[in-house]
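Take a look at the letters that make up each chain.
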Amino acid sequence: MSVAFPSLAFFQALQTLMRQEELRFRRLGFVDTTFGVEVLASHGAPWRCLLTFEVFECREVAEVASFDLTEIDFVLTGDLATWVETMQNIKQHGGADAAHSLNTLTHFGERMRVLYDDPDNRDKLFRFQESLQQFFDLAGRLDIDFPATTTTVQLSA
Amino acid sequence: MAFYMEKDFFEDVELFNLTQRVMQGDLTLRWFDPKTERVCLTPKDPARGLTYEDCNVGSYGYDRLPELIRNNYSMAPRGSELWGKLPDLGYTLNRKSEVWSDNVSVLYEEAKTRRWAPAVDIGWEALAQAPLPVPLEIAMAQMCTFLQECATVAMGGASRWIYSINQEFLELKSYLCAQIFDQGRHLEALRKRALAGGQGLKRASVAAEQALKELLSAESYSEASVGVNVLLGSVLLSLHRHLAAVASSPADRRLFSLMMQDTARMVAYGSGQLRYHLTHQPHQTEFLHDYLDNAEHCLLGLIGNQECLEPLIVLSGGGTEPEQLRRGGHAVQRLLTQLVAEYSERCERAGLHGRSTRSRLATFLRQLAGE
Amino acid sequence: MAYLSTTDFFEDQNFFDRWRRNLKGDLDLSWMHTKTEKLAATPENPRRGLTLRDLDKNGYGFSEMPEFVRDNRSFAPRGAELPDGLPDVQAAVSQKGEVWAYNTEGYYEEAMTRQWNATLDVPWAEMAKAELPDEIARAYAQLLTFLTEVEMIATDVPAEWMGKLNNNFMEVKNFMATQVMDEARHAEVFRKRALTTGCGLMKASPYNEMSLKQIRDADSFAEMSLALHLVGEGVVLTLFRFSEYIAPTDADKKMFRLIMQDEARHVGYGVQHLKWVMRHFPEKREVIHKHLDETENMVFGGGYALEVTEPFIILAGKGLKKENIEQGAKITALFQMKQIEEYFERLDKCGLSERRKRSKLHNALEFTRAALQEAGVLA
Ligand SMILES: [Fe+2]
Ligand SMILES: [Fe+2]
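Chains as they are written, first to last, in my numbering: chain W, 1 to 157; chain U, 1001 to 1371; chain Z, 2001 to 2379.
No wet-lab data here; the hints were simulated from the structure. Every clue listed holds true.
Below are the DSS-like pairs computed for lysine-lysine, each with C-alpha atoms no more than 25 angstroms apart in a straight line:
#1 U:Lys1085 to Z:Lys2213
#2 Z:Lys2360 to Z:Lys2290
#3 Z:Lys2253 to Z:Lys2338
#4 Z:Lys2253 to U:Lys1044
#5 Z:Lys2360 to Z:Lys2330
#6 Z:Lys2057 to Z:Lys2038
#7 Z:Lys2290 to Z:Lys2164
#8 U:Lys1044 to Z:Lys2129
#9 Z:Lys2275 to Z:Lys2357
#10 U:Lys1085 to U:Lys1035
#11 Z:Lys2360 to Z:Lys2213
#12 Z:Lys2275 to Z:Lys2360
#13 Z:Lys2360 to U:Lys1007
#14 Z:Lys2318 to Z:Lys2253
#15 Z:Lys2349 to Z:Lys2290
#16 Z:Lys2275 to Z:Lys2164
#17 U:Lys1007 to Z:Lys2357
#18 Z:Lys2164 to Z:Lys2284
#19 Z:Lys2357 to Z:Lys2338
#20 Z:Lys2290 to U:Lys1007
#21 U:Lys1085 to U:Lys1007
#22 U:Lys1007 to Z:Lys2213
#23 Z:Lys2213 to Z:Lys2284
#24 U:Lys1096 to Z:Lys2213
#25 Z:Lys2254 to U:Lys1044
#26 Z:Lys2096 to Z:Lys2349
#27 Z:Lys2357 to Z:Lys2284
I would like the entire structure built from these sequences, with the hints used as guidance.
As structure tokens, then:
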């Protein structure tokens, strides 16, 4: 069965896979953070979802209309094309290659940006880096339906 | 020896009689009814186990710690009954807002679950099978040499103070133990990485070490913590992130990602400590500003020294060809701007308001860029 | 202000100019031509991964490290090129014989892979189900109070000494870093267990606290290690084994087994260290005997620590009735003898067998043995 990207079903599928891989994620340690994923479209509203991680699992995924940065830790935002390229890359290599890791994509805010209010909370992206990377890497096991066209949206600095 | 027990017990008749009595079954039971709180704790969330937060209860909790510890200079555990002649173990950090941070329990628990072991968690064989091009490997070896100097101080920044911190601050001391352990692991991992790569260690850095010694030897805990955990921590976190981002092998990427996680905890403690300190001792704000006015030049020494800057440029540009070096220089310029911005932001948010305008770092960077 | 860097990097024009050139891609690259040894270490056993022993090669190794560190007084890792101008970090110990132990690197790697977590690896839920009889719960909570009280000494003291060691002794420093973590975990697990018994913490133990002060105040690394690793933790290792034996539930037994593993490493280091000292630093022998005279005085004075002995008697005899106490006292006496015997055995192994002859503690041991034989407790 395939899931569309971006969609709630996609992140729910990752959530399920993470539960199935409990041992591996347990070995990586506690992951306690709530953050947003934002997919910008060239026209129309961005797609947004909120992921809540607790102890060793992804406890909740929810599609949301907007983010309150003072309530959550950070938001990963990128245009649809970048997200799609990342997911395709993950599928192709069974996990992100060196150019498509979350850290590389967000490092200088070139391809993806990290939005935040409090830098202490933003730093959780680094504290839980391996768990979050491996969470996204689980997409390599999904059948993903990508949107027909993806245009790059210029990220405002 | 500096301390002798108060008696020669081998000549002590009182002790002889006491042990005889007890061993013949005449127990004193003087401990049987202590004046302590009876509790029976259970994990709030069984998946998480029994955490220190679960134990933050009543007279046992850290929330009830007073600002000034006057009643206990021994190791008697917080919440136990203190009686008799307990010694003064010589603690000199007895004020909560000198050392505490609200996140110490969380960070301690996190450190334990997120530990890794360099021997088995890094792909050493993959690294051996696919070595980096020689110039990049030399640069990596130089980088690992430099980062070991830094890890020694990140470790020392925690170990240096533990002996002086009152045992009532158990969770904080435990966090510092985790930091020592984390940084010891970095020393190990970096040494292994350099010596597995075929190039050995490279050159120690005079500039970096001068800066490191200045930071490590700060006179007060709050100066040392902002200097080591926030300033040095910010430098290391930026470098680990950057090295993970530009890594060309999965093994290196994983190595620096794992190091990044540990360093982010150190920065989180440093920021939390600064915030707690300034909330409870607002008059210290000016002192710390003044300290940083003098100490921030260490950040330049740490990142601008040849033994860090040059290999960083080589690794960022992917080689030593002129075009690669130009590209590398450009990437490192951006990294510096980002590092200083993030460091200043952490200071500001933790309560050192006005740091970013007061600091000379941003101006220095602009001059570097030739603006 | 404390130490100040010899350069103010805001003010150094050369530093600035070079930096600026570097960013434009104009590099000096002199570090690419350092005259350090090249090495491509590989895991001897791939399943064990790349260990510190695999790095024990030539100038980078610890086997060939000279007895006196004359070159490095900085933060630089052993084997790096040391340019002029590195700071002196004021190491208090720069003699290998003072700190080294056979198998230091092995204890370190073992510690790295055998870490456990008091929060998750102890079956707290199972323990919560076990209803302990009141006197057993109290005795156990008192024993746990004592244990949590004494553990952090073995954090404070190694942490303090770590910073005093020459950075060439990386393997020892790192071993100490693992010990610091191990002991924080021990203080944690005993505290948590006490708070789950229904009793909470009980009474502090003033006598034992005095012993901690003695351990803190050792005036050299070798003497510190003797008091801490060999005597203190040696005695405690026997005590953990005894605690496992008398522990009230299976879950508690598991907890003590986990702790025992860590403690055995610490004692292992202590024994292998003393052995090393005896072999490489023989002139220390008399100083060590003097030190042991006072350390044994501390151990013997432990008779005053009724906050430990009495709970032991109750736990070993499984109750407070007369016959329980009688039985418990016998078992406890045997345990105490075993504690001291094992201590002398360890000294034998280190080449200090003459200790028995000059030791008052050994006299006391013989005296107790005779008394127990007379009472029919011992064959
Ligand atoms: Fe221990
Ligand atoms: Fe120990």
